[in-house]
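Those protein sequence lines, which keep their order, are chains U and E. Under the working numbering, the first residue of the first sequence carries the number 241, and numbering increases by one thereafter. Under the working numbering, the first residue of the second sequence carries the number 68, and numbering increases by one thereafter.
Any given hint could turn out to be false.
As the list claims (entries may be wrong) - In silico DSS-like cross-links for lysine-lysine, where the CA-CA straight-line distance does not exceed 27 Å:
{"#": "1", "chain 1": "E", "residue 1": "310", "chain 2": "E", "residue 2": "444"}
{"#": "2", "chain 1": "U", "residue 1": "320", "chain 2": "E", "residue 2": "360"}
{"#": "3", "chain 1": "E", "residue 1": "291", "chain 2": "U", "residue 2": "357"}
{"#": "4", "chain 1": "E", "residue 1": "291", "chain 2": "E", "residue 2": "168"}
{"#": "5", "chain 1": "E", "residue 1": "353", "chain 2": "U", "residue 2": "320"}
{"#": "6", "chain 1": "E", "residue 1": "353", "chain 2": "E", "residue 2": "168"}
{"#": "7", "chain 1": "E", "residue 1": "291", "chain 2": "E", "residue 2": "360"}
{"#": "8", "chain 1": "E", "residue 1": "310", "chain 2": "E", "residue 2": "252"}
{"#": "9", "chain 1": "E", "residue 1": "310", "chain 2": "E", "residue 2": "168"}
{"#": "10", "chain 1": "U", "residue 1": "320", "chain 2": "E", "residue 2": "168"}
To be clear, the hints were calculated from the coordinates, so they are not data collected in a lab.
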Amino acid sequence: MHFKATDLFTVFIILVLGVAVYTASHWELRASIIVLSLGSMGVLMASAQLVLDCLDSNRDGEPKKLDMELPTIKDTDPNKTFWGTMEIWGWLAGLFLAIHVIGLRAALPVFVLVYAKFYGASWRLTLILTAMITAFILGVYDNIMHVYWPDSVLGDLLGWED
Amino acid sequence: MVESILQGLAAISAPVPLGFLVFGVVLGVWGGALPGVGGPAQLAVLLPFAMLMEPINAIAFLIGVTTVGNTGNTFTSVLVAVPGGSGAQATVLDGYPMAQKGEAKRALSAAFMVSMLGGLIGASLLFASLPIMKPLVRSFGSPELFLFTIWGLSMIGTMSAGAPMKGLTAAILGVILSTVGQDVKSGTMRFDYNTPYLWEGISVVLISLSIFAVPEMIALAARKGRVAEVSELGESGIIEGMKDAFRHKWLVFRSACIGTWVGILPGLGSDVADWFAYAHAKQTEKNTENFGKGDVRGVIAPESSNNAKEGGALITTLAFGIPGSTSMALLMIAFVAVGLNPGPEMLGSQIHYVYAIIFALAFSQILASAICWGMIKPAAYVCFFPFYVLVPIIVALCFLSAFSAHFSISDIIALLALSVLGYFMKIGGWPRAPIVLGFVLGPKVELYLWLSIARYDMEWIWRPGVMALFTVIAITLLYPVWKAWRLAHVTTDEPGRG
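I would like the entire structure built from these sequences, with the hints used as guidance.
Here it is, written out as structure tokens:
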């Protein structure tokens, strides 16, 4: 048996489909039939895939190329890529937090400004990018679509109204 | 008839309608190129203005806006793996790898050429179909539509040949995600977990952004590079792309026919048309080993199909007054508001307007492609932008597009949660296209199955159309197996021959 870290995702898929089938079993048949029939098949297929993957003795070599999947650029420095991935997830979490605190309309230009500057863009380029996204938000979402922006913590505290 | 055709052509060629057509096309291309802005949302914003126009001006303007979004949305699909609209999802699979290889110009040029050709084929089929459309559409009931959607799902076998079990499981996951929300047949709330946001279900925009766009941006940000791996875009790319369209003219024609047919069938839209055409190309073309790795045929098939779909969608909207999609429903509302009556009346006393619509559709396709060609050179340089320019802008656009789904902060939460799924699918070696196809086809499979049972009990299985489609599905499933067997057989025989 060759259990790898990526197999945890297959286990996750089996669990998700299993929970879906269990939840659907409490609904009336008309609403549940698709989930019950396909979900059960999905659990079986994902389990079979997990077993096949674990029994595959050649899996430590080059990973199989998948059809219909975007090619991944060859990872020359896995350590750098790992920390780069952690960084970008951190940025996304930070952006999500900023949306809660200062609101979506303000958080997106701030994110563009801070991200571009942090990674070495010149002030001129950073300000152009920030102005572009701000103009897009104000022009399209505010003036044309008249979007109602969600409340923010700071907006509520200071009594700002959208 | 000839008089009505000339009347329609003269009406749409007059300076004022032509001006509105150009304005509409520019807005349509712009809306298509910006994720989350085009499509029904853009049309809904413009509708009140169009309703105040003369009928011919409204036709020119609205056809311009509505039918070219699938041309404009190719830019983001090819350059940054962000499907600009639901009709450009399959284009990402080969368009983005082409951009990575420095062939963005070629991919875009081929896409715009086949978009134009596909659109013109769709318009021609709309023109040719007017006399025979009624009996043809009436022969297609819910059982045939059910089989048609099953045919779409059966293509997943073709689309995930490297890992068929993972592909089918991903498609099932997509179907199950599509069941989230209220079940219209029984009123049951499915997977809502007492969260009002989930009552309306998950938007396809969120699925395509989180499965394709966000994981690709994460990969780009993680390696801190650029989209293109090479330093040259290739000067001959634009001409080469145009030649590609004619080199694969039969693929363009077949894909356009698929697109038109999908457009005719109510409820199936460009989000299905592009996948059907892609799978068809992969199944029927020779030497398909480069599909998904930057094969121009993977761009040609979906792009010719999604533009041809507009002609097909207009057939049912104009001939029966049955809008096959949200955009067509909005278009019909505007037509009714300016005094046009889609349905039998339109094919009678207002037939010259139908011909005006066909000419407007054809002009729009040519104009949209011309505009997009003009933008290829500057747009292609996006591939060379450093990550710190692309990542923040694309992430911001993804967040805004996701927010446009229901204008709720929960859209952002759903985007991030689904992006985790998309990211782990990417790194875990799971094919991501089937989950999107499963999501798109899931509700249609369920709806048409229940309509078939409610209307015909189990007798629907014996309808001639159903039997014919069963055969097509069997061929779809067995053809790759036969092809693989034949290939293995030939390979093992070869040493003996020598």
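Worksheet item: If you draw a straight line from the CA of residue 291 of chain E to the CA of residue 360 of chain E, is it 27 Å or shorter?
Response: Status holds; Cα separation ~22 Å.
Practice prompt. Compare the distance between the alpha carbons of residue 353 of chain E and residue 320 of chain U with 27 Å, and conclude whether the hinted pair is satisfied.
Written response: Not OK: residue 353 of chain E and residue 320 of chain U at ~40 Å, beyond 27 Å, violated.
Worksheet entry | Given hint residue 357 of chain U paired with residue 291 of chain E - CA-CA distance at most 27 Å | holds (14 Å)
Worksheet entry | Holds or violated: residue 320 of chain U to residue 168 of chain E, with C-alpha atoms at most 27 Å apart | holds (23 Å)
Discussion item. Can you confirm whether the C-alpha distance between residue 310 of chain E and residue 168 of chain E stays at or below 27 Å?
Written reply: holds (19 Å)
Worksheet entry | Restraint status (C-alpha distance of residue 320 of chain U to residue 360 of chain E at most 27 Å) | Judged against 27 Å, a Cα distance of about 25 Å means the pair holds.
Discussion item. Residue 291 of chain E and residue 168 of chain E were given as a pair; does the straight-line alpha-carbon distance stay at or below 27 Å?
Written reply: Holds, at roughly 17 Å.
Fill in: Pairwise hint evaluation, residue 252 of chain E against residue 310 of chain E, where the allowed Cα distance is 27 Å at most
violated (50 Å)
Discussion item. So if I understand the rule, the pair passes when the alpha-carbon distance is 27 Å or less; does residue 310 of chain E with residue 444 of chain E pass?
Written reply: This hinted pair holds, its Cα atoms lying about 17 Å apart.
Discussion item. Check the hint pairing residue 353 of chain E with residue 168 of chain E against an upper bound of 27 Å on the C-alpha distance.
Written reply: Given pair residue 353 of chain E, residue 168 of chain E holds - Cα atoms ~22 Å apart, limit 27 Å.
In summary, the structure is inconsistent with hints 5, 8 from the numbered list given earlier, while agreeing with the others.
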